[in-house]
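S.K.: So the chains spell out like this:
Number of protein chains: 2
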Amino acid sequence: MRISKLFTKTIKEEPKDEISVNAKLLIKGGFIQKEFAGVYDYLPLGLRVLRKIENIIREEMNSIGGQEVLMTSLQDPFVWQKTNRWSDKVVDNWFKTKLVNGKEVGIANTHEEPITAMLVNFVKSYKDLPIYVYQFQTKFRNELRAKSGILRVREFLMKDLYSFNRTEEDFKKFYELCAKSYMRIFKKVGIGDKTFRTIASGGSFTQGFTDEFQTISPSGEDIIYIDREKKIAINKEVFTDENLKKFGLNKAKLEEAKSIEVGNIFPLGFKYSEKIGLKIKDKDGKEKPVFMGSYGIGVGRLMGTVVEVSHDKDGIIWPETIAPYMVYLFQVENNKELKKITEKIYNDLEKKNIEVLYDDREDKTPGNKFTDCDLIGIPYRIVVSEKTVKNNTVEIKKRNEKKVNFIKINKIISYFK
Amino acid sequence: MRISKLFTKTIKEEPKDEISVNAKLLIKGGFIQKEFAGVYDYLPLGLRVLRKIENIIREEMNSIGGQEVLMTSLQDPFVWQKTNRWSDKVVDNWFKTKLVNGKEVGIANTHEEPITAMLVNFVKSYKDLPIYVYQFQTKFRNELRAKSGILRVREFLMKDLYSFNRTEEDFKKFYELCAKSYMRIFKKVGIGDKTFRTIASGGSFTQGFTDEFQTISPSGEDIIYIDREKKIAINKEVFTDENLKKFGLNKAKLEEAKSIEVGNIFPLGFKYSEKIGLKIKDKDGKEKPVFMGSYGIGVGRLMGTVVEVSHDKDGIIWPETIAPYMVYLFQVENNKELKKITEKIYNDLEKKNIEVLYDDREDKTPGNKFTDCDLIGIPYRIVVSEKTVKNNTVEIKKRNEKKVNFIKINKIISYFK
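Going down the list, the sequences are from chains A and B.
Quick note on this note's numbering: the first sequence kicks off at 12 and runs consecutively.
Quick note on this note's numbering: the second sequence kicks off at 12 and runs consecutively.
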């Protein structure tokens, strides 16, 4: 992509109405734009990152047997009344609206109910199980206070998976499989070493415990206690001596940290299947409800978390796996010969499907370009200058390293392949 | 994909509450499911088709210079008040809702206003133009009567592109470029020969004419008059002697047909840019508003239209470009030797990225499988039977042809490559 064609521009001024690092950097870099509190548009650079994260999650969900669907946002109250989750007194973040005929409908904040109801049409026998259904779908949550940039918003893309098993035993196997898949996802997007599976309260979903995935960050809303040896943590909300004992954790060894919840997995048991009537005829010929679980990752929140944990004073430092482009390319001196060389490098890289953000702007100084490159946070910077091309080399620098290297022009492709 | 793993099942009974062909076939085949009138979920098979259509459109929009974004559904009334499109008396299909603090917000039915307002932040000079911004985004429209299956719904995925040009002349060039791109899209999804660029009323957008793209179908809501030689049509709503003369159409040569609107392109002129304040400093140093256009394709509606024009009494006939899978594979007799051969064909095809829906169900008769194959509408059917494997061949049949062919098993891959 030629930056001269990209309609967004980096912004020098700090956005006045943002406190969080992720919102400040993402807005300054031209990744997102605020419509109003907690409601952000994704601009071309931001959408590229979002889609890359989405694809990493999709591959993982497919690899553990997930089948992708797309449920609707508009929701008939009917099925939510069955589970007692329609009332604003029970679920306090509904957005509701009305059809022309006056009928009230909901705008979905989650999808346990409609997915369970959908499966009633397809599931009859134990032979139909297991089923794992997931989607990337926009959720709407009427948050009292949207905050922390794209970490807590009113409208966001979420990956939600729902598991349907014959027995609790089958469920537990899948639950562990999904937990491992989640850890692979967090590793792939570059926050693996800072993210811990965390024992947490079941909240409204279950009376037992649930698992959260928490990423250490000073901007997090949660407090967790980490056992680095065991690679697990426990949320402050369930941090009691009794629970520490239960999970074999030694208080003296635990390290306190602020953290961002990047994922959660819930045992749902029979709660939804019983109320909605999702039953199977089991091996013994008897009707039984289906054992369920739900598994969420906010795609935008994950993107925001990466920015929170991977940036410096100059800007974002995108991991290669989710960077909007792999290479930021520009020439120092504005002359035709150098332009010819730079254009050739651009075209060669593009031909090999190495994604390049080519800063071809002629009204910007090299200083502007160095600044934008660091702000946008592209993993590799390639600078073409008169001095280096004399030796048939260009300068190459990684965003997350200080050291500048030189590379023969005809070795650039093999460097990336 | 093994059908034994697919959670959806085909449904024998006609859905009682559906009149349209597309809804009947898509529901019976397990592509979609109705939540309530005008609100449909996409199940795994349906989502695959939807995504393939989306990708065809995306490639085309990128090829004409489109930059992809993702705007929000939640909308602050502010910018819509500027253009006088907030009031329900002006725009009668808004869904509106309220934040916790009582503030009323909209759920977007289109995005002229927010995209124009967004560009105010980035566009200063004529040098910043042209800009073409598009998205695939879920629109919500509070239709009085949802009807015709997925052709007219209350929630749907739409590709909407907005063009921003310095002059009307530049705009017109892009407008024609986009019109050609649209015709390529309709050709690629298999309805090119039935789709006509159609002169239509500007509606609320412009006092002049606009262009619609209409696909001939008995289930269409529109009536158009086609000039097959000129490959254009005129909508009944502007079918006057004066207009026929204006566009050089000869009444005697025109053919009347019912049709479905599958796309539209609108000149918007300065209407939005003036009211929202999207101005450029032009070459002459003067401030001028930007000349705009908008260009829509409903992705789900396009899918429904393909079903309307491409089906027979047995089911859907998907064009290869958007079929959920390329091959429907099954064995006739239930024995191990045949299973081994069938599994090998399945694995070989999958390895070569030829998408196969493998009907490995052992509790279904060959008759059931022939029926499901036709209903789901996969382009190629491969049947493995004892009789044919004796000659190292299998039966291969195209969904849109009557003739059954035989092919050597070791030639299957090269047949598809």
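These aren't lab readings, by the way, just hints derived from the structure by calculation.
Misleading hints may appear alongside valid ones.
The list treats identical chains as one, so a pair stands whether inside a single copy or across any two.
Taking lysine to any residue and the SDA-like style, the derived pairs with C-alpha atoms no more than 20 Å apart in a straight line are [unchecked claim]:
1. K109 <-> T121
2. K45 <-> D87
3. K20 <-> K135
4. K282 <-> I328
5. K93 <-> R62
6. K198 <-> M337
7. K324 <-> L265
8. K264 <-> N345
9. K191 <-> P125
10. K45 <-> R163
11. K135 <-> D252
12. K107 <-> E154
13. K107 <-> P88
14. K413 <-> H322
S.K.: Give the relationship of K20 and K135 under a CA distance limit of 20 Å: within one copy only, between copies only, both, or neither.
M.R.: between (55 Å within a copy, 11 Å between copies)
S.K.: Could you place K45 and R163 in one of the four classes (within, between, both, neither) given a Cα distance threshold of 20 Å?
M.R.: Cα proximity of K45 and R163: one copy only (13 Å, versus 31 Å across).
S.K.: Should K324 paired with L265 be assigned to within, between, both, or neither, using CA atoms and 20 Å as the limit?
M.R.: neither (30 Å within a copy, 67 Å between copies)
S.K.: Within a copy, between copies, both or neither: where do K45 and D87 come within 20 Å Cα-Cα?
M.R.: Between. Shortest inter-copy distance 11 Å satisfies the 20 Å Cα cut-off; intra-copy 30 Å does not.
S.K.: At 20 Å max between alpha carbons, let me know whether K198 reaches M337 within a copy, between copies, both or neither.
M.R.: within (18 Å within a copy, 34 Å between copies)
S.K.: Treating 20 Å as the Cα threshold, decide for K282 and I328: within, between, both or neither.
M.R.: neither (43 Å within a copy, 41 Å between copies)
S.K.: Within a copy, between copies, both or neither: where do K107 and P88 come within 20 Å Cα-Cα?
M.R.: Classified as both; 10 Å inside a copy, 17 Å across copies.
S.K.: Using 20 Å as the alpha carbon limit, work out where K135 and D252 are close: within a copy, between copies, both or neither.
M.R.: Close neither inside one copy (45 Å) nor across copies (62 Å); limit 20 Å.
S.K.: Have a look at K107 and E154 and pick one of within, between, both or neither, based on CA distance no larger than 20 Å.
M.R.: both (13 Å within a copy, 17 Å between copies)
S.K.: Have a look at K109 and T121 and pick one of within, between, both or neither, based on CA distance no larger than 20 Å.
M.R.: Close inside one copy (19 Å) and across copies (18 Å); limit 20 Å.
S.K.: Is it within, between, both or neither when you check K264 against N345 at 20 Å Cα-Cα?
M.R.: For K264 and N345, the Cα distance exceeds 20 Å both inside one copy (59 Å) and across copies (60 Å).
S.K.: Are the CA atoms of K93 and R62 at most 20 Å apart within a copy, between copies, both, or neither?
M.R.: So K93 and R62 fail the 20 Å test inside a copy (35 Å) and across (33 Å) alike.
Hint check: violations occur at hints 4, 5, 7, 8, 9, 11; the rest are consistent with the structure.
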